[in-house]
Each structure stands twice: as C-alpha cells, then as structure tokens.
Amino acid sequence: MADVMSMDDIRAEAARLNIDLSAVDWNSVRLPPGEDFGIKSDDDDLNEEDSLEFDAGFGNIIVVDNLPVVPREKFEKLEGVVRKIYSQIGVIKENGLWMPVEEDTGKTRGYCFIEYNTPQEAELAKEKTNGYKLDRAHIFAVNMFDEIEKFMKVPDEWAPPEIKPYTPGENLQHWLTDEKGRDQFVIRAGSDTEVLWNDARQVKADPVYKRPFWTESFVQWSPLGTYLATVHRQGAAVWGGATTFNRLMRYAHPQVKLIDFSPGEKYLVTYSSHEPSNPRDTHRVVLNIFDVRTGKVMRDFKGSADEFAIGGTGGFTGVSWPVFRWGGGKEDKYFARMGKNVISVYETETFSLIDKKSIKVENVMDFSWSPTDPIFALFVPELGGGNQPARVSLFQIPSKQELRQKNLFSVNDCKMYWQSTGEYLAVKVDRYTKTKKSTYTGFELFRIKERDIPIEVFELDNKNDKVISFAWEPKGHRFGVIHGDNPRPDVSFYSVKGGKVVKLVTLKQKQANGMFWSPGGRFVILAGLKGFNGQLEFYNVDEMETMATAEHFMATDIEWDPTGRYVATSVTSVHEMENGFNIWSFNGKLLYRILKDHFFQFLWRPRPPSFLSPEKEEEILKNLKKYSKKYDVQDQDISVLLSEQDREKRKQLKEEWERWVNEWKKHHEEEKMEREMLRDGEASDVEEEYEAKEVEVEELLDVSEEIQDV
Amino acid sequence: MRPILMKGHERPLTFLKYNRDGDLLFSCAKDHTPTVWFADNGERLGTYRGHNGAVWCCDVSRDSTRLITGSADQSAKLWDVQTGTQLFTFNFDSPARAVDFSVGDKLAVITTDPFMGLTSAIHVKRIASDPADQVGESVLVLKGPQGRINRAVWGPLNKTIISAGEDAVVRIWDTETGKLLQENDKDIGHKKTITSLAKSTDGSHFLTGSLDKSAKLWDSRSLTLIKTYVTERPVNAVAMSPLLNHVVLGGGQDASAVTTTDHRAGKFEAKFYDKVLQEEIGGVKGHFGPINALAFNPDGKSFSSGGEDGYVRLHHFDPDYFKIPSI
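From first to last, the protein sequence lines stand for chains A and B. Residue 269 in full-length UniProt numbering sits at position 269 of the first sequence; the count goes up by one each step and never skips. Residue 278 in full-length UniProt numbering sits at position 278 of the second sequence; the count goes up by one each step and never skips.
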C-alpha cells in the first residue's frame, strides 16, 4: 500500500522531474483500471454497490457436501437421487447441477453444486437439507456458494480482534436543543424525502435535509425520534446526527417489506415475505430482530406465512403487522406474538421464550399489551356454538399469571383500547341481539391500577348505535366515541374519574368519522375524512366548546405534533389532486399550506418523554404567565419583523414592475409611427385609451290596449 | 356578479375572443359552429356555418369585419363578420389550430398539428383587403417544434411570431427570415404542455398557461420570465385584465379524470391573481367541468369563460371588484 504523499513531497518530486505542477490538469489524470494506489475512495456507496451486485450473482447457488463417493458407473444414479431431492424444493436451472469428478478415476468427489432460479429457493434448500441423512454415513452439509469464499478467508489461527479507538458519536438528540423549540417532520413526495423544521412563527417550513431516492418504499421515525429509518431492497438503515442526517447503521435483510421499532428503540424488527416457487405453497416469511445500535441480529424467525398469520380477521394472505408486539413499556423487556392457540412471549435478555414455553390459549383471536406495564389483554371468542362463553383475560408477565378474567355472552367481536398510561382498558363488545340478526355495542372498562381490577359495564345512550370510532384522551381520564348510524353521527365524551363512567356531553350530528386527540389531551379534532371531504372541527373538551371549524378538502391523514401545539393535515397520493399538507395551530388557525405532487408521507419527529417530574410540570403550568411573557415578546418581535419584510418585499416587487411598465411604454411610444404605417396610417393608438360609451337601448316589449269601463 | 349563462354550443368550448370595441364576443367550440354574441347581454347574434370539425381558435380583425377560424377539418376560414358568409378557405393537410391576425390585419399566422407523418408547422398567410384577390399561398412556413403548437401570436410590429405548445417551450421566430430567434431557458420554463397564451393589450408582454399547474408572464421582446403564478390545477386558459393588475387562470382536472364524488374536487374555478405579487386574490366558480377558454372584455369591466360543460359564462364585475387594493 502506497503511503499518502504530502503536497510538499509532490512538489519536490515534480521539481526533480522538471514538471510544472501548475500546468498539470488534474482531472485528466486517470488511474490504471483496478488500481487505487491504496487510497480508498471516500464514496463508500460506490464500493458497496459493486460488492452487492457480486452477491446477487451467485446467491442462487448452493454447495452440497458429504455426498457418497461413487465410481463412474453409479454416477448417473447418484445424480438422479440428488436431483430428485433438490428439485422438490425449487426449480433447478438448466444445467444447474454440477457434480465434479476425479479426472483419472472418474470417481465423484463427494460434493456438488446446484444452481436455482432464485436466491430464495437456494436459501430454502440450504435450510431444509442441511443435515439431511441420505444414509448413516452421509449427512449432507449444505452451504451457500457465496459463503464458501467467506469460510475460505477464515484464518487458521485465531488472532485477537483489533480494538478500534473510541470515536465519540454525534449528539443524536441535538434537534431537541433547538433554541426556538421547534419540531421537525419528514415528508416524502415524488422521489424526494425531506426533513423540515415547522417554523410556525415565521409561518413556513424551514428545510433541514433533503435527499432524492433516500428510501425505496417508506420512511419511519424511531419511537423516541432519535433515528429515521429507511427501507431498501437490501435491508433497512437508520439515519441521524447533530446537524445533518448520516447513515448510522444498516440492517441487511433482502427484500425487506416492513419494519418496526421497539418502543424504547433498542431493537428493530424487519419483515419480508417471499413468493413461493410452487403456487400451492404459502408465502415464506423471514423476520429478523436487530439491535439498533450494534446492528447485530439478535434473533431471526423463519417459516411459512401461515404460522405468523393466525387470528386477527382471518382469511387474508399477509400477516397482521406488527407480528411481534412489544410490551413492558420503554424498557423493551418483552415481546410477544400470537400463534395458533398460543401466545408466545419472549424476553430480550436471552431472546428466548419465557420459561421456554408459550402460553396456551385455545382459539385466541387478539391480544394487546398495556402501553406501560408488562400486562397484556387477550380475547377468545365464543366456542362450541355458545356453550363456552367468550372471554377477555389480563395476563401478567413474566409470572404468566392471569390477573383478571371476564366472560362475555353472545359476542360477535371485541376490540381492546388501552389508555396511554396503562391505567384503563376499554373493551368494546359487539353482541348479538336475541334474534341474532343484528348486533349492539357495549363497553367493559377495566381499572388496571385499582385493587382487584374492578370492571365496569356501560353502554351508550342508544345501545343500538354503531360505534364508528373510539379514542382515549392521552394521559387523561376521558374518552370520546363517535356513534350513530345516520350519515351525520353523534360524538360523546365520557369521564372515568371517580370510579364511575360519567357522560360529559353529546354533540349531535357531526360530520366526523375520526377523532384525533392532542398528545397533551384536552383538545381533540373531530375529522370527517374520506366521504366527508376533510371537515375538521377543533374541540376543547375542558370548556366543551368548539374552537374552530375548518376544512382541508380531501384530507386523508391527520397528525398532531408531539407537543400538541400544531396539527398537520395532509392529502396523500391516494387522491390524484390536492396533494400536500396544511399546518394548523392547535386551535384551528391555518398557518401555512404546502402543495406537493405525489405526496406520500408526513411524519412528525417524535420526542422522548420529558424529564420533568409531575410536580415540576404542575409548577410550570401554574406560573405559565410568568414563563410565557418571554415568548410573547419574541412572538411580537417576529411578527413585526415579518410584516417589515413583507412590506419591503412588496415595495421591491412594485418598483421592479414599474421598471418593466416604463420600458414597455417607451418601446410602445418609439414604435408608434411604424405601427401606424402597418395600419395604413390609421392614427391609432387609441386602443389603449378605450372609452366606454353609454348606449341607451329602448325596447318595446309588448303593447296591449285595455278598454276600461267608466 | 351574477353571470349570464350563454348556452349555444353543444360541445366543449375551445376559445373565446372579444372584438376591439368589446361589443361582440366570438366563441369557438368542438361543435363545428363558431358563434358571435352581444358581449353586453349575452344575446346570440349569429353563427358561422361551414366548418366540418372542431374549431380550435379564432381572431377578429381590428375593424370587426373579418373573422378567421382554425379547425380540425384541416382548414382555416375567413368570414364576413356581419353576414356570416365564407370569404375564403385555407386548406391544409393536417388540422389547423391557432390563428392570429397581425397588426394591420394584412397577415395572419395559422398553426397546423402534426398529422399522419407530417410535423406541426406555423404558416403565415397574406390577407387581401378585397376577398376576391385572396390567395392560399403561404408567405412563410416555420417548422421545428415537436408536437402540437397550441398558440402562435404576432410579436411587436409583426417582426416576430411567438409560439408555444406541447413541447413546453416558448419560441420567438423572425418573420423576415423565418429563423428561430429565441427559446426560453429550460430551467425556468414550463414543465408540461403549454395550453394557452394571452398577449397584453400593447403586446409588450404575454402570459402562458400550462398543464404543469402554473402560468408564466414573459417579456415579448427579450423573452425574460417576469412572473410565475402557481395554482393547484392544470391551466387550460389564461387572460389578463386590461384595466387592473390582475391575471385570470382557468383550468381544472382533466375531463377524463374528473372525480365523481364532489364538484369541488375538480376545482373548475377561474382564479384571479395579483399580477405583480403573484398572490391569489379570488375565484369565480360556476362551471361544471374544466375551463377551456377565458377572455377579458377590452374595457376590463367584464370577462367570459368557456368550459368543457359547453357553456359560456359572461361575468360583469361588481363595483366592489374595482376597489380591490393593488400596490
């Protein structure tokens, strides 16, 4: 490897060779192909792309070892056997089976190469037949062709790994230290992905970072906002940094389709499903769980889609995402998935099942973790034609103890709604009426934090009303329900404080089908999306009054910023027109709107929970006036500055325009004679000083004579 | 401002034109009959029968005696405005689209579409003062742009021709030599088909509307981009107020892609913009389909719009309109 020369050395060398350095055109210097003189290109994307292409080249070839060594006469027979085994798994390419032989004896060498049509088939073949017993002496050892090279490189002697010097990372939380306390969001429109500040004071978005083709399908923030995840053909990647977005880590997972972070963003789950080679087979599913920081695979799961798609609504081809649901709050201690008649709970210390056993629950349909505690609720439907009642149970982890159970009769369906601090669980129960022809809705409310977990049953005023939407107030004791069958449903708010469910108010006849609580509670947006064309009502539940009504025509998505100060409504590319987003203040004032064609995603960057103690928060709330003074002054300053800038801009535009107008007048004057000539001397630029003449027209509409008797 | 609804066409409108006095309004539509109306009360005055295809464009001479129309029947026709008789027919081998009389009305520019292997072209014809002497020969034929040329108009003093069309480029041609003088800068120009072009009264600047959802204001002599007006819809028609610093953009979702859920979704509004500040100041609703044609009365006190719905809507401004503050 050539050492990097200093510029002084180069000058000295040049002087020795009589070369005038200033006359050298550096861009014309070309290195011999394949030679880099030991200087690595800083464009690491370039290098990686190359190696990836190479990977794709042989990914569909496997090497099968430990085959019997047979003489020439038996070659064909052995080949037949091998072909039979491996063509069951996938389609072997034409001439894709090659079994080398000893040149002099004609004996086989005990291994062969098999080339499949796709890397997935090769992967599957490796998995299925590694360790396959042809007979007692011949147990197959199957490897990917690509890996052979990797194994070859393993040195025979162990050398201690090099310890890299510690390089301090960037402050990944830097965005939280913004002086103006702004929030960031990411948008994806066309091929561009862009991160912006929401600068509500200046009523505009302030760009942070933009990159075309940043992701191949979607982007996602980690739950605490530290990372932005992108999804590519080769895997997922996370990005972050103090001032810009650098790639922090990559997670190789070919054809990855879906990703999911654990709530404490320690782990990343990636998912891919592969088309089976045989159409009768089900899709194959691969799930990897990565450690976000180290990029290491902590556990992988493979299997057919059926194993991962039990329960839920049934009858769908994919899996219900997320497959693994994380529980136990932000510590990322447990995750669980539902299988046929089981719920499997894993712990992240060992990445294995708790007690090495799944929890057996016959016919479990759905389960849902408490957002804060290691408790989950599950729902089992009615069995045996109503002989066995449906039930909702609460389980504690890791003890696997059933905390509470409730049997329910003539149940059609159940939905579970946890309140965000895990204090309450509301279960919406759809029951059949006596005739079994229709259903009605009731609710079961579990008070998790109270002794023995009391359950309260309550119904809507009109229990036959269809429930369109249900939502808890974040961190609060209230919830809202949109209910009704007519095109303009009613909205009711209830409070659960004081040990009893109390109805607060019912708002009649609202154009709403969705409810979006502010993350701070208290404010809620009643939105009429889809069929209602984007009607928005900003409602204050404390004061029980409508703060504003507005419309974002065709709006498809609504998202509050993490502080509850602003709301974004967007029209994504499900509609052809109107694509873009609006930013509103919490009380329904439109701040600004940005139109983008092919608008796919709008996501606020989440914030980690506040470090302030509840007492401190209360104190701030009490003395809000004192604190807000400073910000009021700032607001004032900015609005003065803005109007100043605006005036300035208008003045400038006006001057510029007048310059144009004067120039045009001058030209027009100069060309007057020529124009007259073109018009055969018609003295005529009067067209500009057009005069409107008043013309009175009298029209006789009808004449009739009436003879009146006197 | 209660519009006067003028129902006389059976098919979508394509073009509207006021005469210089502002008392007559000429309308072209995809039915084969250009129509003339009283610009004041919307009464139908007469039709010009003879074309055998959609009529795309028309122009009227300064003295309001001659009308020229370009039609998809591969012809452009000269008409006597008063009697409605055909005076002359220019025949082409492909559909005619844009027509425009020069200053002095002695020349006319006619564009033809690409058709059956023929490229699009701009033809300059001499217009005789006596129709008996009229001949069909072109004085000049310009070729070059790709795709349809949707508009071609005369530049100041008939020295240039300004053309725009499907290739989204505005071009200025020399009428003496037939040479291409200027093309707009690709970076600042339109990104999609230019659908319409309107000149200012004195011809010093012009406005182009494009399917890229914007309209742009250009200097006629230097082809400098002066302003850009951004809207939410493809722009099919543009007009400039001769009186105030206003521009009007009309358009809407393409007729074939129009939603069936809500008439607002198509945004079939005529949008008013402040010409200098480039800010939207208002809109006039009413059409039940994209707006294809817009024209301002030369007195600036009324304007008309023609839609895919086959209606012409004639709007006389309220007194309030003239009180809109301008810088």
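None of these hints come from the bench; they were simulated from the model. Careful: at least some of the hints might be erroneous.
In silico DSS-like cross-links for lysine-lysine, where the CA-CA straight-line distance does not exceed 30 Å [stated by the list, open to error]: (1) A/500 to A/180; (2) A/665 to B/159; (3) A/475 to A/500; (4) B/186 to A/589; (5) A/654 to B/186; (6) B/186 to B/143; (7) A/672 to B/106; (8) B/143 to A/204; (9) A/428 to A/475; (10) A/333 to A/436; (11) A/649 to A/616; (12) B/191 to A/649; (13) A/630 to A/180; (14) A/589 to B/285.
Bear in mind the structure is a predicted one, so any value in this text is a computation, not a measurement.
message: Would the hint linking residue 191 of chain B and residue 649 of chain A be met if the CA-CA limit is 30 Å?
response: Holds - the C-alpha atoms of residue 649 of chain A and residue 191 of chain B are around 27 Å apart, at most 30 Å.
Hint consistency between residue 475 of chain A and residue 500 of chain A [alpha-carbon to alpha-carbon, up to 30 Å]: Holds, because 18 Å separates the two Cα atoms, which is no more than 30 Å.
message: residue 186 of chain B and residue 143 of chain B were given as a pair; does the straight-line alpha-carbon distance stay at or below 30 Å?
response: holds, 20 Å
- prompt: Would the pair residue 333 of chain A and residue 436 of chain A pass a check requiring their Cα atoms to be no farther apart than 30 Å?
  reply: Given pair residue 333 of chain A, residue 436 of chain A is violated - Cα atoms ~43 Å apart, limit 30 Å.
query: Taking 30 Å as the top limit, are the C-alpha atoms of residue 672 of chain A and residue 106 of chain B close enough?
result: Holds - the C-alpha atoms of residue 106 of chain B and residue 672 of chain A are around 18 Å apart, at most 30 Å.
message: Please verify whether residue 649 of chain A and residue 616 of chain A have alpha carbons no more than 30 Å apart.
response: violated, 45 Å
query: Is residue 654 of chain A within 30 Å of residue 186 of chain B, Cα to Cα?
result: holds, 27 Å
message: For a C-alpha distance cap of 30 Å, please report whether residue 143 of chain B and residue 204 of chain A respect it.
response: Violated, at roughly 46 Å.
message: Given the hinted pair residue 665 of chain A and residue 159 of chain B, is their Cα-Cα distance within 30 Å?
response: The hint holds at about 18 Å.
- prompt: Within 30 Å, alpha carbon to alpha carbon, are residue 589 of chain A and residue 285 of chain B?
  reply: Between residue 589 of chain A and residue 285 of chain B the Cα gap is close to 25 Å, so the pair holds against 30 Å.
- request: Mind checking the alpha carbons of residue 428 of chain A and residue 475 of chain A for me, to see if they're no more than 30 Å apart?
  value: Given that 30 Å is the threshold and the Cα spacing comes to 20 Å, the pair holds.
message: Between the alpha carbons of residue 186 of chain B and residue 589 of chain A, is the straight-line distance 30 Å or under?
response: Violated: residue 186 of chain B and residue 589 of chain A sit about 39 Å apart, past 30 Å.
Violated hints, in rising order: 1, 4, 8, 10, 11; the structure is consistent with all others.
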